[in-house]
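Participant: Protein chains in written order, with this note's numbering: chain X, 1 to 354; chain R, 355 to 482.
Rather than coming from a laboratory, the hints here were simulated on the basis of the structure. There could be a bad hint or two in this list.
Unchecked claim - Some residues of chain X that are not near chain R, with every Cβ distance over 10 Å (derived):
#1 14
#2 54
#3 123
#4 160
#5 161
#6 164
#7 302
#8 318
#9 332
#10 336
#11 340
Stated by the list, open to error - DEER-style ranges, computed between Cβ atoms:
#12 367/R with 77/X: 21 to 29 Å
#13 370/R with 225/X: 31 to 39 Å
#14 207/X with 371/R: 18 to 26 Å
#15 367/R with 88/X: 51 to 59 Å
Unchecked claim - Take a look, some chain R residues computed to stay more than 12 Å from chain X by CB distance:
#16 366
#17 367
#18 395
#19 398
#20 399
#21 437
#22 447
#23 448
#24 454
#25 465
#26 469
#27 474
Virtual Cβ for every residue (Gly too), placed ideally from N, Cα, C.
Okay, here's what each chain looks like letter by letter:
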Amino acid sequence: MAVTITAEAKQALEAFLAERAGAGSLRLTEMRPLSGGAIQENWLLDADIPDGPFAGLQELVLRTDSPSGVAVSLTRPREFAVLRAAWQAEVTVPEPLWLCEDESVLGKPFYIMRRVAGTALARRVVKDTSLGGNRDALSERLGRELAKIHTIVPPRPDLDFLDPPPRDPGSESVIQYRKHLDLLGLARPALEWGLRWCETHAPQPGDVVLTHQDFRTGNYMVDESGLTGILDWEFSAWNDPMSDIGWFCAKCWRFGRDDLEAGGIAPRAAFYRAYEQASGRRIDPARVAFWEVMAHIRWAVIALQQGRRAMSGSESSLELALTGRVYPPELERDILVMTAPEQWRQAPGSQAHA
Amino acid sequence: MRLLELARAALLDELLPALPRDLSYSARLAANAMAIAARELETGAAPRQAERKALARLLGEDKEGLPGLADTETLDEALQRLTWRIAAEIRAGGRDGDPEVFAMLRESARARLKIANPRALSGSGKDA
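Build out the structure end to end from the sequences listed, making use of the hints.
Facilitator: Rendered as structure tokens:
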């Protein structure tokens with residue numbers, strides 16, 4: 001990962017920021033890469049701005065592509081548009097400020113957002129119960145935030161780059177992940193088993209809303225006072241709102257606290273209650289169960305894709321190679337637990353819904 | 355295998371403490387990769403042989419001779435071919451909820467987990 005920046009690039013960046021901030025000049029007093037993000041590169045910026053509407057010391061983050069971008073994720077300009085839509089819907093996100101598509105500045109598109117305080121490190125968030133206020137408050141807050149994200153519904157001209165809303169999100173996901181496996185050229189019978197279970201237990205099509213698609217512990221920032229920002233919008237898509245609930249609660253995102261089924265931080269009840277109250281939408285456990293199986297399949301496919309990229313020599317990354325090796329067997333084991341023979345309905349493919 | 359274990363011990367016990375903090379993550383990753391490779395060597399072909407047998411039985415290829423192993427196939431080739439066959443049958447809906455297929459898949463996941471991430475075996479999913 002490139003972690004240096006030339007003096008010329010820094011100058012070009014200062015000029016761009018000054019112009020957007022409506023300032024006569026601007027000085028970056030601090031600029032360093034932030035850790036985290038296998039896919040994106042985030043830089044911490046401190047900008048000293050002498051005049052204009054942003055006068056003062058501004059704490060910012062610059063977000064751009066890292067060399068190992070995932071094909072399915074949104075480009076920076078599109079992610080910026082989603083972030084702006086979320087900001088307008090009053091979701092707690094870092095305020096999106098400026099987008100730069102002019103590649104003469106940094107050689108690739110990037111955008112600037114305000115920096116929010118706290119940490120997103122999943123293991124710390126799960127362990128340190130002083131973070132996020134208290135656990136009940138945090139899980140309720142996350143439920144309400146998710147409900148706000150789900151108020152963004154199609155059609156939206158500002159989000160017209162997103163794939164069209166799926167007519168049957170559950171069944172279409174099955175098709176999509178089979179296609180990913182076929183592209184990888186891998187025979188994974190346990191994933192096929194899970195996908196076939198999903199195919200025969202897909203929920204009836206219902207609401208389709210803007211879903212975050214990576215709403216989980218590790219992707220939101222908290223400090224002692226509470227939630228400070230929901231991050232990582234690059235996978236956002238129109239989908240069944242329950243897909244976000246299933247992802248958040250999936251066993252693979254509890255970071256060692258399997259007993260706390262809502263993201264490793266709380267029991268489901270508080271999270272569900274807050275979401276239902278804020279959204280006016282009832283959470284159907286069978287529907288969430290479907291999306292939890294799908295969450296494990298999705299994460300397994302992503303891990304296999306990362307492993308493939310590392311092993312095929314296109315990128316030399318031990319971390320990616322290990323991801324492709326370490327996670328899939330555990331995910332497959334968990335998929336099998338959820339789709340044991342007694343979990344199959346008597347008549348597969350029937351339209352009866354629990 | 356012994357070489358790998360020694361290399362891993364040197365990495366963790368001697369090199370890691372001397373490394374700057376921002377490199378310790380990479381060192382730990384390398385140590386984990388070595389541990390996986392060592393477990394893989396130690397385990398040998400037995401689980402793959404067992405899996406091949408189980409697949410051959412499920413797919414009706416255990417009637418004569420070596421189960422599921424045609425003359426010209428290596429163990430890995432046979433395993434690959436049988437794995438593709440069962441994957442295709444599952445996808446096509448021919449094995450819905452089949453307890454025997456399920457038992458084979460569970461054992462296969464467990465065997466790979468034992469090599470790739472044995473700590474996960476003792477976790478809450480131990481029933482699988």
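Participant: Each hint needs a verdict: does it hold in this structure or not?
Facilitator: Comparing the hints with the structure gives:
1. 14: 27 Å, holds
2. 54: 32 Å, holds
3. 123: 13 Å, holds
4. 160: Label holds. Min Cβ-Cβ 34 Å, cutoff 10 Å.
5. 161: 32 Å, holds
6. 164: Fine: 26 Å to the nearest Cβ keeps residue 164/X off the interface.
7. 302: 16 Å, holds
8. 318: Violated, since 5 Å does not exceed 10 Å.
9. 332: Since the minimum Cβ distance to chain R is about 5 Å, residue 332/X lies within 10 Å and the statement is violated.
10. 336: Residue 336/X is in fact no farther than 10 Å from some Cβ atom of chain R, at 5 Å.
11. 340: Check fails; 7 Å does not lie beyond 10 Å.
12. 367/R with 77/X: 21 to 29 Å: The hint (21 to 29 Å, Cβ to Cβ) is violated, given that residue 367/R and residue 77/X are roughly 48 Å apart.
13. 370/R with 225/X: 31 to 39 Å: Because 36 Å falls inside the window, the suggested range holds.
14. 207/X with 371/R: 18 to 26 Å: 54 Å, violated
15. 367/R with 88/X: 51 to 59 Å: 54 Å, holds
16. 366: 15 Å, holds
17. 367: Residue 367/R clear of chain X: closest Cβ-Cβ about 20 Å, beyond 12 Å.
18. 395: Correct as stated: the minimum Cβ-Cβ distance to chain X is 15 Å, above 12 Å.
19. 398: 18 Å, holds
20. 399: 18 Å, holds
21. 437: Given a closest Cβ separation of 4 Å, the condition is violated.
22. 447: 6 Å, violated
23. 448: 10 Å, violated
24. 454: 10 Å, violated
25. 465: Given that some Cβ of chain X is not farther than 12 Å from that of residue 465/R, nearest at about 8 Å, it is violated.
26. 469: 8 Å, violated
27. 474: 5 Å, violated
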